[in-house]
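Spelled out, the chains give:
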Amino acid sequence: MHKYLINKYINKIKNDKKHTIIIIFLVAITSSLSLYFISNNENFYSKPIARVLSVNEEESKKEDSNGKTENIKLQKIQAVILNGTYKNKTVELNNISSFSQANDLDLKINDEVFISITDNDSSQIKSAKILELKRDKYVIYIVNIFIVLVILIGRLKGFKSLISVVVNIIILLGIIVLFTKGFDLLFLSVIASILFVILSILIVSGPNKKSVSAIVGTLIGTLLSVLIAGIVIKSNNWNGIHFEEMEFLTHPPEKIFFIELIIGTLGGIMDIAISISSAIEELYDKNPNIQRKAVIKSAREIGQDIMGTMANTLVFAYLSGSIPTILLLLRNGIPITYIINFNLSLEFMRALIGSIGIVLSIPITIFTSIIILKKQMIGEIAES
Amino acid sequence: MNIILILLIILLILMAAIGGSRGVKSFFTLILNFFTLFFMLILIGAKIDPIKVTFIGAILISFFSLFFINGFNRKTFSSLLSVIVVIFLVMFITYDMGINSKIQGFSNEQTETVAYLSLYVQLNFSKIVICEILIGLLGAIIDVSISISSSMNELYKNNSQITKKSLFKSGMSIGKDILGTMTNTLLFAYISGFMTLIIYFNELNYSLSTIFNEKVFCAEIFQVLSCGIGIILIIPITAYITSEIFFLKKLFKKNLSKV
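As you go down the protein sequences, you meet chains A and B in turn. Following this note's numbering, the numbering of the first sequence begins with 1215 at its first residue and continues without gaps. Following this note's numbering, the numbering of the second sequence begins with 2 at its first residue and continues without gaps.
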């Protein structure tokens, strides 16, 4: 019996190795193909693309209403067109770049930009204007670095995490497509959230009772924290929450924000639920007759270990996106207390609801795991 | 009453009820970290080099999060070292790409919401991209690192015969277990912030190729994936540093007993 288990384990490792080699091979091929494609894809774009050959800069200063001066560069650029009817022609482009670069480009030689061309009847270029930097290659670079590192370090488990990320992104795109076709966003998000939870947990920890208790724990935890959010929001009528950041949408921002809250809360709760349910399974594995009290005590300790750092993770992930806005406001002389109260309210809300979800899901998952995993143990004892 | 305040109080009560005194500590560390971050931004706003401020601030925040909640011991010490190494590495990997891809500041979509402000603020936003990336992944790498090093500590305590190599291997396998759930946590956190923009792109009927070259889109991808790169790098680095530090002490003791 013991030997059989060892053999099984060795076979599993061998199989894993084989899988890993295949995966590494596939990743190497796809990443080199994508890198090749991205550096030669000009002809796939309908918009003209130009590569900067030389830059002539002229410095000037601009004074704003506060009496502060900003260094401005006028860039006169020679660029060669890479695609379309004017391929290989050179054009002159003008560009303005400020020291802050808050909403402009400081172009360098070999940068590629999308341009719009105005031509005359005899198809000669009259003038050309810069539209936007061509950034696709950088996206592909960083995607490749990420995938290669995940596969190299995480191997098969890393590959599984990648699959779950891809599945989740597909679901998300699905909701948004359906939403634009007129389906109700709240309904879609609830369905999608359930799918997100079930698929992610099954992919990461396999089809077993541990996953079931994590799934149930996550769903209850999310429901409860969303309920808390809803009650607090409704009873205070969005007091202190400012939606300026989302004003450019044609849909009511409150509703979309609430759905974002649900989805943002999911990930953290899932993380906690999986950690707690695997820990409880381990406890039952080691000692099937362990007292319920002892299980609760150990699981609570684990929960206390992780909740602080998890809440931290969310706070930094959410606030990092507001850094440019905060700095712009600070430099424009807006008082700090105003920024905290007014401009960060959405981010605070996300981080707080996420953290509340994390803390709440600890007792909930302890409870669901004890019910679901304990039964399994009794069943197994009965069988033997 | 202000919703943020109510939620803060609810969080404090829950943390105290479920986490006891460590929960309360976690809560105040969270608040302290927030103020450290804000102080950093004030310094950057005062035109002090963003990279230096971010680096020192990140070390301070890691210091608070690790030592206040988990005490000063060999596991928190090795986590702190690992976090610093990873911050360096991620900066090294993303620095050139982050600046060359010109994802700094605001996109045309976002400038509408700050239209009443001057965009000429004598502050170079291209370096701030790196600051954003590092702050965004900081919480996550601290989380993964302390999880790995405390599990390794338990293993080491309960099994005095364990070799350095097998301790390292266990650390790696613990890390890989965390990887799956951590990527999800971050993915959903970022997706939830990004949904508004995707819906907006969809309203404007942006083509896929336009979206791929959009400033905000690229900025978001950079942020998420740099985070991912951070959490994948912290796994082997924590496993390595922790096993080295644990055995350093053993070696030291051995030599001492010889003398």
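Since the hints were derived computationally from the structure, they do not count as laboratory data. There could be a bad hint or two in this list.
As the list claims (entries may be wrong) - In silico DSS-like pairs for lysine-lysine, Cα to Cα no more than 30 angstroms straight-line: (1) K1500(A) x K165(B); (2) K1322(A) x K165(B); (3) K128(B) x K1287(A); (4) K48(B) x K166(B).
Stated by the list, open to error - Stretch-level coverage of chain A by chain B, calculated; a stretch enters the list once three of its residues show a Cβ under 8 angstroms from a Cβ in chain B: (5) 1484-1490; (6) 1521-1535.
What the hints assert, rightly or not - Here are some, though not all, of the chain A residues that point toward chain B, as calculated from beta-carbon distances under 7 angstroms: (7) D1335; (8) K1343; (9) G1368; (10) P1549.
No experiment lies behind these values; they were computed from the predicted model shown. Positions of the beta carbon are idealized from the N, C-alpha and C atoms, including for glycine.
Each hint, compared with the structure:
1. At roughly 25 angstroms between alpha-carbon atoms, K1500(A) and K165(B) fall within 30 angstroms of each other, so this suggested pair holds.
2. For the hint linking K1322(A) to K165(B), the alpha-carbon distance of about 49 angstroms lies beyond 30 angstroms, and the restraint is violated.
3. Proposed proximity of K128(B) and K1287(A) is supported: the alpha carbons are some 18 angstroms apart, at most 30 angstroms.
4. For the hint pairing K48(B) with K166(B), the CA-to-CA distance comes to about 47 angstroms; that exceeds 30 angstroms, so the pair is violated.
5. Coverage of a stretch by a chain is defined here by at least three residues with a beta carbon nearer than 8 angstroms to that chain's beta carbons; for the stretch 1484-1490 of chain A and chain B the count is 4, and the condition holds.
6. Under a criterion of three residues with beta carbons nearer than 8 angstroms to beta carbons of chain B, the stated coverage of the stretch 1521-1535 of chain A is upheld, 15 such residues being counted.
7. A least Cβ separation of about 29 angstroms between D1335(A) and chain B goes past the 7 angstroms threshold, and the interface hint is therefore violated.
8. The interface hint given for K1343(A) is broken, as the beta carbon of that residue sits about 14 angstroms from the closest beta carbon of chain B, more than 7 angstroms.
9. With a least beta-carbon distance of about 5 angstroms to chain B, the hint placing G1368(A) at the interface is held under the 7 angstroms criterion.
10. Proximity of P1549(A) to chain B is violated relative to the hint, the smallest CB-CB distance being about 12 angstroms (cut-off 7 angstroms).
Comparing the model with each numbered hint stated earlier shows that hints 2, 4, 7, 8, 10 do not hold.
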